Amino acid sequence: MQFQKLKYIVPLCLLTLSVGCQSTSSTPTIHETPIASTNQATSTPSPTPTPTPTPTPAPPLTLKATAILEAPSFQEGTPVFTHGALEVNGIHIIDKNSEVFQLRGVSTHGIQWYSQYTTEETFKTLRDDWQINAIRLALYADTESRYPENQEAYTTILENAITAATNLGLYVIVDWHILADGDPLLHQEDASTFFDYFATKYQNYPNLIFELCNEPNGGKVSWDESIKPYADTLLKVIRKNSPNTLVIVGTPKWCQSPLSVVRNRIDDPQVVYAFHFYANSHKDPLRETLENAIVKYELPLFVSEFGTCDASGTGDINIEQSNTWLDLLDQYQISWMNWSLCDKDESSALLVPNASSANWSDEALTENGHFIKARLQSYTK
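Read left to right, the sequence shown gives residues -23 to -1, 1 to 358 (mature numbering (1 follows the signal peptide of the UniProt record, and there is no 0)).
Be aware that a few hints might be false.
Stated by the list, open to error - Listed next, the in silico DSS-like pairs over lysine-lysine satisfying Cα-Cα at most 30 angstroms (straight line): (1) 273 to 205; (2) 213 to 230; (3) 197 to 178.
Derived by calculation from the structure, the hints in this document are not laboratory data. This structure is a prediction, so every number in the text was calculated from the model and none was measured.
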């Protein structure tokens, strides 16, 4: 299924975001009846064509780490204190004690637009009440998000969120969130600058995880020709300063085609591959794909995003299918993050419109919010 989650807004205008399936228009071509020509002369001059203005190219990212942060300390009993730096072992992620560890949490929506839900108080509510052990920070980075034009402000939001989550001993996924552009190669230079900055500055942070490209998509975007060359390039940049950081690499077709990876894997022991689903749209066939990738090909997968609703981010919440999916992930101890931490008026949001930034009452939660909170809490019972 072709899946496009978001049409963007121009930053600072905060127009309504929408999430939708990509489809091919079936609108027929309109054939108007031609007007018969006449010999009548006219003195009306033809209008002068107005030239189409050339769009101003976005400026390049200019991030450059001028300092390396010291290793943070973590409070006893927090997830990172307990589990430490993570490693890939076969199909699993293991912790400092060589025990299989499953990350479970939520993904923000675009932090450019929902920064009110990236505070330490927000994450503390999610850690202590909902029982998350990880948070995914989605920074939209494709053309329409206009990140390069607003790089200072948006990077500050991201770094403040990293600090907030780190203070609470949570694992943090830094998500270079492409979507509308489809091909990660379109912004490879900026992505290299971005990850060089974070891999250098935060090289002593054992809780950081880098996600190189959310949901590559498009008919010409393949693993061999686009995604793997992109990932190989970025990994060379990252490994200069962060040799052991866990890295999530997207897979084709909105991260629903992991089998395209199996014959041409990335040569890096700390890489896992992204797998995404939306429970009301993706059912048994896609679950079979996941099991095939794990059981037959022993591919380490990470569900860095899933929804309980339609692939559009809207539609009905399917509790039965969501439980079936999560039971399967638990069976193989695959990590997962639910989309999304925001108050947008759509099914996939965890919060109702205008919800506060933390300490939510039951009335502040959507149907998805109630389900995900209960599911997360069930692991501690």
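Under the constraints set out in the numbered hints, which ones does this structure not fulfil?
Result: hint 3 breaks, nothing else.
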